[in-house]
Amino acid sequence: MKTLIKQDYSLENCPVTEKLFTATGFCRLTFYAPSVTTEAQPGQFVMVHMPASSGRYMLPRPYSICSVDRENGQLVIFFEVGGRGGELISTVEPGTTLRLLGPLGRGFPKPQAGSLLVAGGMGIAPLVFLAKSTTVPRTLIYGSRTAARMACPREDLDLPGLTVVEVTEDGSRGERGTACEIAERYIPSSSAVFACGPRQLLAALAEAAAERDIAAWVSVEERMACGIGACLGCAVRTDQGYMRVCKDGPVFPAGEVNLQDEHTECLCQSGGN
Amino acid sequence: MKTLIKQDYSLENCPVTEKLFTATGFCRLTFYAPSVTTEAQPGQFVMVHMPASSGRYMLPRPYSICSVDRENGQLVIFFEVGGRGGELISTVEPGTTLRLLGPLGRGFPKPQAGSLLVAGGMGIAPLVFLAKSTTVPRTLIYGSRTAARMACPREDLDLPGLTVVEVTEDGSRGERGTACEIAERYIPSSSAVFACGPRQLLAALAEAAAERDIAAWVSVEERMACGIGACLGCAVRTDQGYMRVCKDGPVFPAGEVNLQDEHTECLCQSGGN
Amino acid sequence: MSIPSACVNLGGIELDTPVLAASGPFGHGREFEVLLDFNSLGGIIAKGVSLEPWPGNPPPRIAETASGLLNAVGLHNPGLNKFIEDDLPLLRELGPKIIVNIIGKNVKDYASVAAGLNGIEGISGLEINVSCPNLKAGGLSFGTDPDLTYCVVAAVRRETALPLLVKLTPNVNDIVSVAIAAEEAGADVISLINTLSGMIIDIEKKKPFLGNRFGGLSGPAIMPVALKMVWQVSEAVQVPVLGMGGITSASDAIQFILAGARAVAVGSGLFYDPDLPAKITGGILAYMSKHKVTSLSELEGLAHTGGDKVEV
Amino acid sequence: MSIPSACVNLGGIELDTPVLAASGPFGHGREFEVLLDFNSLGGIIAKGVSLEPWPGNPPPRIAETASGLLNAVGLHNPGLNKFIEDDLPLLRELGPKIIVNIIGKNVKDYASVAAGLNGIEGISGLEINVSCPNLKAGGLSFGTDPDLTYCVVAAVRRETALPLLVKLTPNVNDIVSVAIAAEEAGADVISLINTLSGMIIDIEKKKPFLGNRFGGLSGPAIMPVALKMVWQVSEAVQVPVLGMGGITSASDAIQFILAGARAVAVGSGLFYDPDLPAKITGGILAYMSKHKVTSLSELEGLAHTGGDKVEV
Ligand SMILES: Cc1cc2nc3c(=O)[nH]c(=O)nc-3n(C[C@H](O)[C@H](O)[C@H](O)COP(=O)(O)OP(=O)(O)OC[C@H]3O[C@@H](n4cnc5c(N)ncnc54)[C@H](O)[C@@H]3O)c2cc1C
Ligand SMILES: Cc1cc2nc3c(=O)[nH]c(=O)nc-3n(C[C@H](O)[C@H](O)[C@H](O)COP(=O)(O)OP(=O)(O)OC[C@H]3O[C@@H](n4cnc5c(N)ncnc54)[C@H](O)[C@@H]3O)c2cc1C
Ligand SMILES: Cc1cc2nc3c(=O)[nH]c(=O)nc-3n(C[C@H](O)[C@H](O)[C@H](O)COP(=O)(O)O)c2cc1C
Ligand SMILES: Cc1cc2nc3c(=O)[nH]c(=O)nc-3n(C[C@H](O)[C@H](O)[C@H](O)COP(=O)(O)O)c2cc1C
Ligand code: FES
Ligand code: FES
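Residue numbers (our numbering), protein chains in the order written: chain B, 1 to 273; chain Y, 1001 to 1273; chain Z, 2001 to 2312; chain W, 3001 to 3312.
Mixed in with the good hints there might be a few duds.
Claimed, not checked - Among chain W residues calculated to face chain B with C-beta under 8 Å, some are:
#: 1; residue: 3176
#: 2; residue: 3180
#: 3; residue: 3248
#: 4; residue: 3274
Said to hold, decoys possible - Calculated pairs, DSS-like style, for lysine-lysine (alpha carbon to alpha carbon, straight line, at most 27 Å):
#: 5; chain 1: Z; residue 1: 2292; chain 2: W; residue 2: 3292
#: 6; chain 1: W; residue 1: 3207; chain 2: Z; residue 2: 2279
#: 7; chain 1: W; residue 1: 3082; chain 2: Z; residue 2: 2207
#: 8; chain 1: W; residue 1: 3105; chain 2: W; residue 2: 3082
#: 9; chain 1: Y; residue 1: 1132; chain 2: Y; residue 2: 1247
#: 10; chain 1: Y; residue 1: 1132; chain 2: Y; residue 2: 1110
#: 11; chain 1: W; residue 1: 3292; chain 2: Z; residue 2: 2205
#: 12; chain 1: W; residue 1: 3290; chain 2: Z; residue 2: 2205
#: 13; chain 1: W; residue 1: 3290; chain 2: W; residue 2: 3279
#: 14; chain 1: B; residue 1: 247; chain 2: B; residue 2: 110
#: 15; chain 1: B; residue 1: 19; chain 2: B; residue 2: 132
#: 16; chain 1: Z; residue 1: 2082; chain 2: Z; residue 2: 2105
#: 17; chain 1: Z; residue 1: 2108; chain 2: Z; residue 2: 2082
#: 18; chain 1: Z; residue 1: 2279; chain 2: W; residue 2: 3205
#: 19; chain 1: W; residue 1: 3279; chain 2: W; residue 2: 3292
#: 20; chain 1: Z; residue 1: 2290; chain 2: W; residue 2: 3207
#: 21; chain 1: W; residue 1: 3290; chain 2: B; residue 2: 247
#: 22; chain 1: W; residue 1: 3082; chain 2: W; residue 2: 3108
#: 23; chain 1: Z; residue 1: 2279; chain 2: Z; residue 2: 2290
#: 24; chain 1: Y; residue 1: 1110; chain 2: Y; residue 2: 1247
#: 25; chain 1: B; residue 1: 132; chain 2: B; residue 2: 110
#: 26; chain 1: Z; residue 1: 2082; chain 2: Y; residue 2: 1247
#: 27; chain 1: Z; residue 1: 2205; chain 2: W; residue 2: 3108
#: 28; chain 1: Z; residue 1: 2279; chain 2: Z; residue 2: 2292
#: 29; chain 1: Y; residue 1: 1019; chain 2: Y; residue 2: 1132
#: 30; chain 1: Z; residue 1: 2292; chain 2: W; residue 2: 3205
#: 31; chain 1: B; residue 1: 132; chain 2: B; residue 2: 247
#: 32; chain 1: Z; residue 1: 2207; chain 2: W; residue 2: 3279
#: 33; chain 1: W; residue 1: 3290; chain 2: Z; residue 2: 2207
#: 34; chain 1: W; residue 1: 3205; chain 2: Z; residue 2: 2290
Keep in mind the hints are simulated off the structure, nothing from the lab.
We put the CB at the ideal spot given by N, CA and C, even for glycine.
In isolation and in its complexed conformation, chain B is listed as follows:
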C-alpha cells in the first residue's frame, strides 16, 4: 500500500520587505519567505492570499516566482495590477504580512547552453528566475505591446551570459514586431525554447519549435481556486485529457498541451461542480 507523500509547500504569513512600482500599474513585491525560497524552482509559483484587513472573501491569486535570494529568504513576485485582487495585494506596505502558499507546481527543466527564453508581457516574471538560475550562454526575447508596458527593470536582466533582445509591437523600444516574429529568427539556432506569455504566442512558438524538432516548454495560466491540485478547477486540455495547471504544470512540454483552446460543446445544463 502506498503511503502519503508529504507535500513540500506550506502556507505562511510572510512579511513584505520591499515594494516597487516599476512602471505605472506594475508592482514588484519582495517578501521574506524562507519556507518558499529554499525549495523554489524557476517556473513555480505562489498563491498570494488577500490582506486580512480587507475582510473580503476573495480567492488567493497565483503569481510566478520572479526571483529568490535563498541566503536571505527573499522572494520576489512581479505583477500587473489588472483587477481587484492585484489591486488589493499592491496596497500592502513593507512591514505588513501576506499569507503565501508555495512553492507550487512544476517548473522548467534546467536550460542548456543555447537556450532561447521568450517572454510576452508579464510572462517575463518566471523567465527572470529561469534566466538567473544558470550562467550558460542563453538568449531572452522580451516582447511587449509598447515601451510603457515593458515593466521589468533592465537591471534585472543584466546577467552573465544572457543576451537580451527587446521587442515592442509599436517599435517604441527595441526592435519592432512581435516576440514571436523575432523568436522565429532565433529558434533554428537554439537548443531549446522556454516561454511564458499569451496563449497565441505560446501556440506560435510551439509550432515553430515543433517544425524544427526543437524541445519547447511553455508556462500556461488558468484561473485557480486551490492552487495545489485538489479542486480540479484549473484544467487545461493535454494529450492525456485534462490536466491541472497548478499541479501538473504550469510548465508543460509545448507539444503536449492544447494552446488553442476554443470552447467546445457544453453538456451540463445545470452548471455542475
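Assemble the complex: chain B is given as a structure, and chains Y, Z and W with the ligands must be docked to it using the hints.
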C-alpha cells in the same frame, strides 16, 4: 395638484477633520460637512457611506449627529465600533473623505427648563447635541454598564445649565444602578423627558413618564437601507401602524411608538420584499 | 461614425436609456429626487401596489449579508387609492417613464389593481409581481407555478391595454417554463429576477434576525443567478427581457444586455450609490463607442453567438 | 460545569467534531495534508465518484463573483476503480471519517458505484449527489424532482448498508418535498445545499466566461439561501441535516446548527483559509461554553423555538 417638496438633505463627500478614540472601541469622527450642519437639528442623523477604497458592497450606516459647529461646518458623530461597518468607518484618517447623506429624520422638540435627558450607552450621541442646543436648566442622566463603556468625554458634557448624573450598573463610576432607576427619581419633578438608548430603557421611561402625564420623546433605532423613507425597511410599530424610523422618526412621542416589539405571527413564506 | 444611442423600446415603452429603477428600493421616487440625475433613468418602476393597503412585515426588515441585502419589507404599501392620490402625481413629475408594479393575494386582486389604473394619466406600463404569496396555496408564490402565473397574467391582460411586464421569482426549478407561460398569457416583457429566498440567524438571541424570519436576497451576491436566468429566458421567449439582480456597475449591466436583456433595472444598488444610473448609462455609452456599436440592439444577446469571432 | 463536547452522531456516523470537508473543493484530501489540522475535521466527503472516469468541463472552470465562487469543474473524476486504488488508501490515513460522494448519469450508475464500494475498508458513509444532470431529462438534474430523487436514493439504498447522505440541489421550487422524498427512500442524512446555478459573461470577449457557460455558485454569497433551506428541511424530516453553503466562520456554522443542522461542511471556504475547520471547531466550543451548553444537541434547531426566552 401637489407639487414636489424639495428634500433638504444631500449626499456629499465630506473630509474627515479629526478622529479620536475616546475609549477602547469608541470612535469620535469630525467631518467638514457644511451641507449638513446648516440645517441639522438635535435628534437627526446621517447615513455614513463606506470608504470607497474598501470596494465592498455594504450599506451605509446611520449615526446620530452628536454635535455641530455651524460656523466652521464641523459635524461630529460618535459611535461604538461594533461591527464591520463601524470598523471600516473607524479606519479612515483625517484628510480622507466619506460620503455623508443628511441631515435626516425628525429630531427632538426644543427642551424647556426642567427637562430630563436620559442616555443609555451610545444613546448619549444625540443627547449631546440636544444638551448643547439650549442653556435652560436641564438634567442629563448618562447610564452605562460600566465605567469603561462611558465613552463620552466628560468635557463634552460641561455645559452651562446642565446637571450631569452619571450611573453605571456595576457602580464603577457615578451612582450604582440603571439609568432607568435613577431617572424614575427625577421624572416626577421634570417638565419633559428626552431619551435615547436600548429599547427596554426607553420602554421603562415611557411608562414612568406616562404615569405622571409628563411628555416624553424617544429616539429609536432600526436597521436601515435607504435612510430617507423610500424603502420602508426601517419600520417600527406605532399607534398608526408601521412608521419609518428614518423619516417619521427617529424621534417619536414615547406614547405613540411600540417599544416592546416582540415579533408576531409571520405570514409570508417566501420572504417577500 | 455616428454617435451611439442608448434608446430602447421595452415592449412598447420607449426609453431614453436602458436603465430603470427596480421596484421597491426606490419607493415612489420622491425621496431620491435630490440625489439622482433623472435624465440617466429611462424609467421608474414604482413599489408594489395592492388593492387595499398592506401593512408589511414586523421589524427588523433589513439585514446585510455578504455582498447582499436581505429584506422582508412584506410589500408594505398604502393601497391603490392612496398611491393614485399621493404618490403618482409626484412620480409623474420626475421625468422618466412610470411603470407600476402590481401585487395581489389572489388573481382577482391583481386584475382589480390593473383595472383601477386604467385611464390614469402618466403610466407607461404595468409590472406584475408574481412573487406574492398565494394565500390559497399555503403562501407559496404564484410565480413558482407556470399555470398560476398564466392565470394571473391573463387576468391582468384582460383589464389593461398598457404594456405588461411580468416579473418572475428565481425560486423555481425551471424559470423558462414560467416565462413561457407569462408570454403566452400576454406579457410584453419578462422582468427578472426578484429576490432569492433566504434567512439569517442572530446567534446571540438564537432566533431568526428578521421579524418575518425569511427575507429576499438582493445585491451583487445574486448576480450570477440572475444573469443565467436572463440568458435562458431570452433564448426561450420572443418578448424582450428586463434584467436585474445585483447590478452595481456598467460592466454588470452590459453583461445582462449581452446575455439577452433589452434593458436593466437597479434595485438595492441605489442604497449604495444613487449615482449608479448615471454611471451605468455613461458606461454603456462608452462601451458602445469602444466597441463601435451605435444601437443597443446590436449588443442584445450577443454573447449567445460568441460576439468576438468577427472583431479584433 | 462539565466541558462542552463537540461530538455528534450524523445518521449513524460518529464524528468528533461537527465540521466536515464538503465534497469537491477538498479533492481527495492529499493536497491539503500539510495545510490542515485534521483533528479539527470530523469527516471528509470525498469528491464525486462515478462508475467510469468523467473528463469534466472545458476551461475556464473557475470564476470569482461578489463574495462567491462560480465553478464548472463538471464532476471531473477518475472513476470508481482508480478512486479505490489511488485515492482511498491516502484518504484513510488522514484520520477523519471518510464519506464518499457518488454521482451518476442514470439510476443504475449511482447504484453500481454504491455496490462497488461495498466491503471496502475505511468508508463510513455514502453521500448521493443528486445534482447531476439527468441525461434522460434533457440535462435537468435528478434533484429537481422528488420522484426522480426517490428513485435514485431507493436504488442506492438497496445496494448499501452504509449510512446514506443525500445531497440536495437548491435550484428548486420546494426543497422540502425533495427532502421528504429522499427520507422516504431511505436517506439517513439530508445534506444541503449544493451550488446555485449561475453564470458570468466576459464583456470584452462577449461570451460566457466559463467554458461550460453555466456554473455552480458557492461561497458566502449563497449562505442566506442555504440557511433557509436547512431551516425548512430540518422542520420537515426526522433524519439529521448536514448544512453547508458559504460557511466561513464559527458564527456562520452556529447559525446552521441553530437552524437545525446536526453538523456542517465547509467547501470553498477552504480555498480562502485552510484553518477554517480548526477555527470553526474552536469557535463552536467557545460559544458552547459561553452559552453554558455541554452538548450540541441542545443547540440543534434551537432558533425554531426562540432560544433566548429562558436565558439572560
Ligand atoms: C501559474 C500562474 C502564474 C502567474 N504569474 C503571474 C505573474 O507573475 N505576474 C502577473 O502579473 N500575473 C501572473 N499570473 C496571472 C495572475 O494570476 C492574474 O492576472 C491574477 O490572478 C489576476 O487577479 P486580479 O484580481 O488582479 O484580476 P481579476 O479581477 O481576477 O481579473 C483581471 C483579469 O485577469 C484575468 N485573470 C485572472 N486570473 C487569471 C488567471 N489565473 N490566469 C489568467 N488570467 C487570469 C482575468 O481574465 C481578467 O481579465 C499568473 C497566473 C498563473 C496561473
Ligand atoms: C437613527 C440612528 C442613529 C444611530 N446613532 C448611533 C450613534 O450615534 N452611535 C452609535 O454607535 N450607533 C448609532 N446607531 C446604531 C448604528 O447605526 C449601528 O450600530 C451600526 O449601523 C452598526 O453597524 P456595524 O457595521 O458597525 O455593525 P453590524 O455588523 O451591522 O452589526 C453589529 C451590531 O449592530 C446592530 N445594528 C446594526 N445596525 C443597526 C441599526 N440600524 N439599529 C440598531 N442596531 C443595529 C446589530 O444588531 C449588531 O448586533 C444609530 C442607529 C440609528 C438607526
Ligand atoms: C427593499 C426592497 C423592496 C422591494 N420591493 C419590491 C416590490 O415591491 N415589488 C417587486 O416586484 N420587487 C421588489 N423588490 C425586488 C427588486 O425590485 C429587485 O427585483 C431585486 O432587489 C433584485 O435586484 P437588486 O439586486 O438590484 O436589488 C424589492 C427589493 C428590495 C431590496
Ligand atoms: C470546486 C467545487 C467542486 C465541487 N464538487 C462537488 C462534488 O463533486 N460533489 C458534490 O456533491 N458537491 C460538489 N461541490 C459543492 C460543495 O460540496 C458545496 O455543496 C458547495 O460548494 C456549497 O458550499 P460552500 O459554499 O462551502 O462551498 C463542489 C463545489 C466546488 C466549489
Ligand atoms: S487550482 Fe485547484 S486543482 Fe488547480
Ligand atoms: S431606511 Fe429606507 S425607509 Fe427607512
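Here is how each hint holds up against the structure:
| no. | hint | verdict |
| --- | --- | --- |
| 1 | 3176 | 20 Å, violated |
| 2 | 3180 | 22 Å, violated |
| 3 | 3248 | 6 Å, holds |
| 4 | 3274 | 6 Å, holds |
| 5 | 2292(Z) - 3292(W) | 66 Å, violated |
| 6 | 3207(W) - 2279(Z) | 23 Å, holds |
| 7 | 3082(W) - 2207(Z) | 46 Å, violated |
| 8 | 3105(W) - 3082(W) | 19 Å, holds |
| 9 | 1132(Y) - 1247(Y) | 23 Å, holds |
| 10 | 1132(Y) - 1110(Y) | 11 Å, holds |
| 11 | 3292(W) - 2205(Z) | 14 Å, holds |
| 12 | 3290(W) - 2205(Z) | 13 Å, holds |
| 13 | 3290(W) - 3279(W) | 16 Å, holds |
| 14 | 247(B) - 110(B) | 19 Å, holds |
| 15 | 19(B) - 132(B) | 21 Å, holds |
| 16 | 2082(Z) - 2105(Z) | 19 Å, holds |
| 17 | 2108(Z) - 2082(Z) | 20 Å, holds |
| 18 | 2279(Z) - 3205(W) | 22 Å, holds |
| 19 | 3279(W) - 3292(W) | 20 Å, holds |
| 20 | 2290(Z) - 3207(W) | 17 Å, holds |
| 21 | 3290(W) - 247(B) | 43 Å, violated |
| 22 | 3082(W) - 3108(W) | 20 Å, holds |
| 23 | 2279(Z) - 2290(Z) | 16 Å, holds |
| 24 | 1110(Y) - 1247(Y) | 19 Å, holds |
| 25 | 132(B) - 110(B) | 11 Å, holds |
| 26 | 2082(Z) - 1247(Y) | 18 Å, holds |
| 27 | 2205(Z) - 3108(W) | 47 Å, violated |
| 28 | 2279(Z) - 2292(Z) | 20 Å, holds |
| 29 | 1019(Y) - 1132(Y) | 21 Å, holds |
| 30 | 2292(Z) - 3205(W) | 14 Å, holds |
| 31 | 132(B) - 247(B) | 23 Å, holds |
| 32 | 2207(Z) - 3279(W) | 23 Å, holds |
| 33 | 3290(W) - 2207(Z) | 17 Å, holds |
| 34 | 3205(W) - 2290(Z) | 13 Å, holds |
In this structure, the hints that do not hold are numbers 1, 2, 5, 7, 21, 27, in rising order.
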